[in-house]
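Put together the whole structure using the sequences plus the hints.
Same order as they appear, the protein sequences are chains A and B. Counting in the working numbering, the first sequence runs without a single skipped number right up to 1372 at its last residue. Counting in the working numbering, the second sequence runs without a single skipped number right up to 1372 at its last residue.
Because the hints were derived from the structure by calculation, they are not lab data. One or more of the hints may lead you astray.
Stated by the list, open to error - Reference listing, derived: stretches of chain A covered by chain B, where coverage requires no fewer than 3 residues with Cβ under 8 Å from a Cβ of chain B:
| hint | stretch |
| --- | --- |
| 1 | 1086-1096 |
| 2 | 1099-1107 |
| 3 | 1156-1163 |
| 4 | 1197-1204 |
| 5 | 1223-1232 |
| 6 | 1287-1296 |
C-beta atoms are modelled at their ideal positions from N, C-alpha and C, and glycine is treated no differently.
Number of protein chains: 2
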Amino acid sequence: MDALQRIEQALAAALSLGLADDGPPKLARAVRHAVQTPGSRARPRLLLAVADACGDDVPAVSDAAAASLELLHCASLVHDDMPVFDDADTRRGAPTVHRLFAQHGEQLALLTGDGLIVLAFENLAWHTRGHPQRLGPLTLIIARAVGVGHGIVAGQAWECETDVDLTQYHRQKTAALFSAATAAGAAAAGVEPAPWCSLGEHLGLAYQVADDLRDVAGDAAALGKPIGQDATHARPSAVSQLGIDGAIARLEDLLTAAVDAIPDCPGRAKLAAMAQAEMERLLPAQLRAASRVARP
Amino acid sequence: MDALQRIEQALAAALSLGLADDGPPKLARAVRHAVQTPGSRARPRLLLAVADACGDDVPAVSDAAAASLELLHCASLVHDDMPVFDDADTRRGAPTVHRLFAQHGEQLALLTGDGLIVLAFENLAWHTRGHPQRLGPLTLIIARAVGVGHGIVAGQAWECETDVDLTQYHRQKTAALFSAATAAGAAAAGVEPAPWCSLGEHLGLAYQVADDLRDVAGDAAALGKPIGQDATHARPSAVSQLGIDGAIARLEDLLTAAVDAIPDCPGRAKLAAMAQAEMERLLPAQLRAASRVARP
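Structural data, given as structure tokens:
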């Protein structure tokens, strides 16, 4: 089974674990929509790639960690898309959760995000029943990546402040979950996670720069979400700070740093190739030729 | 140290764990406000009372479970008070989180609720480092009490449906967290939690009936939140369904059932007295004389 199949299967298992047959039907529909609308699954794929490089001795645990990480990412998308933040109509080429219902859409979106956060931790606890020593480290890695200190929630909250450090903002809003992906991939395989954080951190920062570039030079249909959002919401962006060429140069530097940060292991070359391919996929077509990222 | 002191200390420890000195300051203020505005702490007090009755062999674990349960309760209050649900101005005698800021109040309230859910699980994982076998059961008990299947999130989502079963609605919206309090109190002390669920379930249902009674016959100043909310939001309520006398009779039956459900243990009499006192505290003064609940 390839990584994407493992992830979709693990997400389906998490939904079965959390949703009840006799639960409120609209919420169940909203939760399934938020999770099962096809996405890139970039974070859980990275987690499984690192778990693989670390031996992946208990695939049930790495699968659960991958699904939980994606559930948290989905939760953040549902809440970020709500009118109180981005007021986005589409996500992953489909209606956003709050747009899915003629009535109570915002209420259901709020509850869906809350429920997905809870389910992420329930799912992790359930699938580590046979390996209780791995639950604590995984919970801490994943919780910190989304939390109020230095996680996604903190990153998003910088949008409510007047003085914002762009690096800290991006590190928390995006890189934190990538860093958690690599650390959790190691921890899921019973390997010390600390040496793996730097790879995820650099990839996450690169991912955010690519996202900023796509927001100005991408195609809404291909992205499945509206473009021009950073300018609309006056959000800090690598492009507004560095210009397009500067942002591309920064992306190249971050990718090089990411590859350099891969700990010595048998899967090193495979991981480096994956990081390179991922960045090529993310860069808008019209910018690809100008960039060293896409060089063969 | 009494239970309330233990709870406040455990909540302060959770906040220190989650919040970072260099994190976004408005979010930190919102999170502290949501947690540290004085509340009854009914759920964590119940958890500690059961842990005590079960021997409380590792107080650091029961303290953490108590704090995590209260963090989840606070998260649900912050989100329920938002304009998308109750649009409440006050809570616990203070401004609601979204009313605390001249700008970005709703965004900060949304993020505060999200962050508190995450912190609840992080806190549990951190304080069970020395007792990893207890983390899984506690995480599952607490997650299910708030989740999309039969937890608080499901309970709240019934408000978005047209066909609502009042018992299921109350069981999920309120009783689930009380049932988790008693089950987690046992699990925190290393005792099989299942026999303890029924006590919490009945107390939680009684608590919801008392809350419905206070919503029609209570005093907003004493409650610290607006009254008449069920009628305003056309929410299902024990009073609208059974009338005031019927709701009082139901409260009495539930309290009797709760006391009967206490498993045989040395702390049985102490727990029964606590349940009785709690219900007396919750019943509006003008209804107390008419009720057997308050008889000596």
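Hint by hint, here is what the structure shows:
1. With 3 residues bearing a CB less than 8 Å from a CB of chain B, the stretch 1086-1096 of chain A meets the requirement of three and the coverage assertion stands.
2. Note: the stretch 1099-1107 of chain A has 7 residues with beta-carbon separation from chain B under 8 Å; the three-residue rule is met and the coverage holds.
3. Counting residues of the stretch 1156-1163 of chain A whose C-beta lies closer than 8 Å to any C-beta of chain B gives 3; at least three are required, and the coverage claim holds.
4. Remark: the stretch 1197-1204 of chain A is confirmed as covered by chain B, as 6 of its residues place a Cβ nearer than 8 Å to a Cβ of that chain, reaching the required three.
5. Judged by the Cβ-Cβ criterion of 8 Å, the stretch 1223-1232 of chain A is covered by chain B as claimed, because 8 of its residues qualify and three suffice.
6. Proximity of the stretch 1287-1296 of chain A to chain B, defined as three or more residues with a beta carbon under 8 Å from a beta carbon of that chain, is not established by the 0 residues found.
Hint compliance for this structure: hint 6 is the single one not met.
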